[in-house]
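Enquirer: Going line by line, the protein sequences match chains A and B.
Take the first sequence: its position 305, counted from the start at 1, is 305 in my numbering, and no numbers get skipped.
Take the second sequence: its position 106, counted from the start at 1, is 106 in my numbering, and no numbers get skipped.
These are calculated hints, taken from the structure and not from any lab test.
Just so you know, even glycine gets a beta-carbon here, dropped at the ideal spot from N, CA and C.
Please note: incorrect hints may appear among the correct ones.
Quick list of in silico lysine-lysine cross-link-like pairs, DSSO-like style, CA-CA up to 27 Å [to be verified]:
1. A:K180 - B:K323
2. B:K28 - A:K193
3. A:K311 - B:K28
4. A:K98 - B:K135
5. A:K180 - B:K135
6. A:K198 - B:K33
7. B:K23 - B:K33
8. B:K226 - A:K98
9. B:K220 - A:K98
10. B:K135 - B:K33
11. B:K323 - B:K226
12. A:K193 - B:K23
13. A:K180 - A:K198
14. A:K180 - B:K324
15. B:K23 - A:K198
16. A:K180 - A:K193
17. A:K180 - B:K220
18. A:K98 - B:K324
19. B:K226 - A:K180
20. B:K220 - B:K137
21. B:K137 - A:K37
22. B:K28 - A:K98
23. A:K193 - B:K33
24. A:K198 - B:K28
25. A:K37 - A:K180
26. B:K320 - A:K98
So the derived list for chain B, only partly shown, Cβ under 7 Å to chain A, looks like this [to be verified]:
27. E29
28. I32
29. K33
30. L49
31. F53
32. I126
33. G149
34. T219
35. M252
36. M283
37. E285
38. S287
39. G289
40. F308
What follows is the residue order along each chain.
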Amino acid sequence: MLALHKKKRDFVGTISIWIVRIMFFSLVLALLLLLGKIVAQGIGTISFEFIFDDPKNNMTEGGIWPAIFGTIAVTFIMILLAVPLGVCSAIYLNEYAKDSFFTRIIRTSINNLAGIPSIVFGLFGLGFFILFIGRGMDEVLETGLLFGQPALIWASATLAVLVLPIVIVSTLEALNSVPKSHRDASYGLGATKWQTIKNVVLPQARPGILTGTILAISRGAGETAPILFLGAAFFLPNLPVTDLCIGDYCIPMINPAKQFMYLAYHIFILATQSSNPTKTLPIQYGSTLVLIVLTFLLNITAIIFRYRFRKSLGRL
Amino acid sequence: MNEQEQEFYSRSTDSKYGKKIHKFTRTKESLIKLFFTLNGVAALIFIILIFIFLFKEGFRALEHIGLLDFLYSSRTAADGTTKTIFEWYPTSDDPRFSLVPLILGTLMTAIPATIISTIFGVAAGIYLSEVANPKWKEFLKPLIELFAGIPTVVIGFIMLVIGASFFNDLLHPDNRLNAFVASIGLSFVIIPVIASLTEDALHSIPNDLRMASYGLGATKWQTISKVILPAAFSGVSASIILGFGRAIGETMIVLMAAGNAANITSNIFLSVRTMTATIAAEMGEVSQGSDHYYSLFFIGIVLFTITFILNLIAEIIINKMRKKNTF
């Protein structure tokens, strides 16, 4: 019995725990080195002109504004398409639908949708949006070959389907975390179902929905594979913008029928098909830094939102 | 009585909710319900459409190319002997559509990546859940998840310009861009996935088990290796399966770093061409409606099926684990 009171010596265990610790921190170190390299190489290129100028001289000089603008335009339309559909179907699943075979199929397929390779979404976008919907619209509207070719709207729509699971899952989580007692209290006051959802459930779930939206933007902005053949262009001198005129008033609007430049695609193209690799290398690092900063800012915002949200629910 | 109280009393005395719900309200409610139901159905329809359009285009390949042609092609040489060829040359005059080199290429990048990621990812998960100070964990776990958000094109680019040269000097591989370089790149993406899910699985083990183990005189490491890890085995294996699925489906890293030569080899230092990279590289130049075009969709079906099955297995394991862990 006395032996148990002695302090246990477990050399193997101590060493193993140290190995785990060292592995974890070497991992963090490797990731920080990766980031450090990009920052160190890219920071020299970043300037006001680099961000807001067009590429020049076969992309060996100048800036990346068209790529940044294209990324913003595509993700903006993607959000317009994905968030309302995602949030509404999550509301249906969590608030209205009973736990039936049908809803279980939806839930399972949404979870599985998140794991399908992004390149497969590219094939889907090409087969469904461009060739089926686009060509179909051309035939019906007799517009020649207007919709049935790679364009901004089809890239956005494909990315919207890609990020749909992210929006739905995080909205479901947010709705699920609103206590049942709050809903019961609302019903007890005589509120109808929709009044309860609108005034009680949604306001509480808003940070969770916002988290999902931000994560979706970051995912969409970072994807390259699905848009490879959906309208991302090597180099376009003009932004995908057309003036929309009502009478005399003209407002520049995103033209969803045009092709576009994309930040992630720009990095890919410069890395693999550059005409002069040594000259374009600084621009590659600069573009990479811009993309990394963009996605990290979005992700950090989402993480902080989620942390605060969970804390406010008393889960942490 | 201040304004707020006045308002409260005026409301409570003649509350519109006290009355029987108006017919208009009831119609409105059911219309709203219909709206949300339609949205749920629309989401499901999109998921089904992915199935339909992928399979519709992909199965057209079978009209011209037999199912066996996707495995091997038999060619008769000049001297009359028949040879079985495993080659992917869809653009040549004598097109060959064997998927064997592509599937092998995918496995050559995905399996080493999964092995590396399992070692580091599970270690990181153990560290986060069992070893790290809980205060640090609050900061370290989001940090790991943050790295999961690095766009894959960035990792592909870094492997192309830095990783390839680094390993070229270090190991002198046969090809500068090879399966090994790609699998290191893939690990950067998959380690955070495995680490995060392993941490979730370990964290979900009830504290009673730890306390019981300590009570029996076990040390920390004995508790981790003999109690916690076996109890969380299914969750950890689900995370590895999901990581493997990610490795198979990843496109940009293998497209940029694996060299894209359709070698049939077991040498990890040779260039390989994966299924994803084949679609990405060839879809842009293929003429629509050709055999080549449909065969790329067929590769899509293969990818879709593999990842779908892997995800389904992982989900079943996780669901079983949840049921088991609710004491």
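Enquirer: Of all the hints numbered above, which does this structure not satisfy? Sort the numbers upward.
Expert: Result: hints 3, 4, 5, 8, 9, 10, 17, 19, 25, 37, 38 and 39 break, sorted rising.
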